[in-house]
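Student: Chain by chain, the residues:
Number of protein chains: 2
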Amino acid sequence: MSSFEVQILGCGSATPTLNHHPTSQVLHIREKLFMVDCGEGTQLQMRKYKVNFSRLSHIFISHLHGDHCFGLIGLISTLDLLGRTGDVFIHAEPSLKPVLQPQIDFFAAHLDFRVHFEEFNPRESAVIYDDRSLKVTTVPLVHRIPCAGFVFEEKQTPAHIIPEMVAFHQIPVKQIAAIKAGSDYVTPDGKIIPNSHLTRPSEPAKRYAYCSDTAYSERIIPLIEGVDLLFHESTFMEQDALKAQKTFHSTAKQAATIALKAQVKELMLGHYSARYNHHEPLLSEAKEIFPNALLANEGVTKKL
Amino acid sequence: MSSFEVQILGCGSATPTLNHHPTSQVLHIREKLFMVDCGEGTQLQMRKYKVNFSRLSHIFISHLHGDHCFGLIGLISTLDLLGRTGDVFIHAEPSLKPVLQPQIDFFAAHLDFRVHFEEFNPRESAVIYDDRSLKVTTVPLVHRIPCAGFVFEEKQTPAHIIPEMVAFHQIPVKQIAAIKAGSDYVTPDGKIIPNSHLTRPSEPAKRYAYCSDTAYSERIIPLIEGVDLLFHESTFMEQDALKAQKTFHSTAKQAATIALKAQVKELMLGHYSARYNHHEPLLSEAKEIFPNALLANEGVTKKL
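If you read the protein sequences in the order shown, they are chains G and L. Going by the working numbering, the residue at position 2 of the first sequence is 14; the numbering climbs one at a time, nothing skipped. Going by the working numbering, the residue at position 263 of the second sequence is 275; the numbering climbs one at a time, nothing skipped.
If we strip away everything but chain G, and leave its shape as in the complex, we get (with noise of 0.2 Å):
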């Protein structure tokens, strides 16, 4: 079975608050879980909300902002204390290795599990991350620092055998798994069964579009083209909007003008500025531009 979903464990900016943590998510997608960004007690947070420690094995770091990476040493530490034996991904930029290496050198010596540090270039758009069921591809965004998106897709499984219609056709089973991945079935006396008579399409595939930090930038749109869920920073409401621009954040309805062009399924607004402690206004603003939007918030976990 398909299984794609997205769980917030902080959502907050980079002055901490008494609602919201510093950013991390992380997806479980198909038995498997992959964190993007690890701000400052994402070790706790996953305590918090019961996410499987060693099912992680892959982070993506968008950028090397405080808020965004200082959860990953004491991550990397409790991985450790927890008996961790399989290797950690980072995914970063080529700046992080030179400044979390010697943490992990000083305070996490002799460690059973090697950390790798998987660099990509946040200015151009790139798979850095395949395997049987997911693909991920960067999305240059553009912050003050450098700084990329990622695209997480799921591939698509293949089709549902119909048990029924199986042994109806009296089928051998070494045929099928040439119909699962598409072939039609000729019985013995040459009578072609089509595949659609045979099986039920698989779950659609689903794309998952994570945007943040970035100023308002329609060159990450056909990135994200229709995505089933789009997570795009909303740092500031409309009327601080000056403020969005002159520390490359963006406002909510900026996040949902880019929803809207890029015709997503859904959007996610998060990454919020300190100073709102309320985050409605920010949806209603976001919703008179794209009706299909929702909060992110701590604790959230929402199927794609």
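These are computed hints drawn from the structure, not numbers from a lab. Owing to the predicted nature of the structure, the values given are computational and were not obtained by experimental measurement. Each statement offered as a hint is correct.
Any copy will do: because identical chains look the same in the list, a pair fits if it lies in one copy or spans two.
Straight-line alpha carbon distances no greater than 30 Å define the calculated DSS-like cross-link-like pairs of lysine-lysine that follow: (1) Lys-60 / Lys-314; (2) Lys-255 / Lys-60; (3) Lys-62 / Lys-255; (4) Lys-44 / Lys-315; (5) Lys-147 / Lys-315; (6) Lys-44 / Lys-147; (7) Lys-314 / Lys-44.
We have chain G already, so just place chain L on it with the hints.
Tutor: Okay, now just chain L, sitting in the frame of chain G:
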């Protein structure tokens, strides 16, 4: 007015739990704020318990295990975001600077304040801080890596003048300072009014000792003797005494034994192992030896 309060921000140990945060405490001493240790998420705990960031200038780090110092870079970054201009002093053993300074240089390069590393040798007891109202002395502890506790010793404030007596004897204002400092008053006709008739003693100066992390060590007793409050780590229960010994930690009973032998006034237990969900059994074990004991807990403020 004298005031001396210990506020617990985190009293767990290395593995994060749902119940406890990694170690950090703030001491409120006569309007100043001092921090002892700074585990991951300390800045979030400061927010939660409404600790005033602007009043914090001195941070004392007992040792360089992550659960006692991973929060430093986030705290420094946030002080910057909050517009900090006053310098910050981090008192720690010399190994901290080479691992923290590169993080500051990378993540918080353009601070409007300086971070001073005030280095001390954790293997010897020495006065490492001294101002008008407070003296801080290190206490060499016994741990897997170099580690020091701290004694925070308030200085005695001058005696309180009794206004009614000043009026009765018509004492000139210019004499008041000398009387506060302990002088008798000589009337114009040569009569001596003893100081004790003119003043009442100020509150006794308080002493707080912080001892974490450490194996049982009677060598610390002379340094902490008679303190008003001793925080002594009690990572384990007596049933896990072997584990305590192996990891250079203490049991609650050992903490209580130190409290008893050092004749302290009160004992606070903390730095709880993640293996225990409830800490009353630790308190019971401690109270069998030293009845005036209490449990640390996040948010608890203890007035000395």
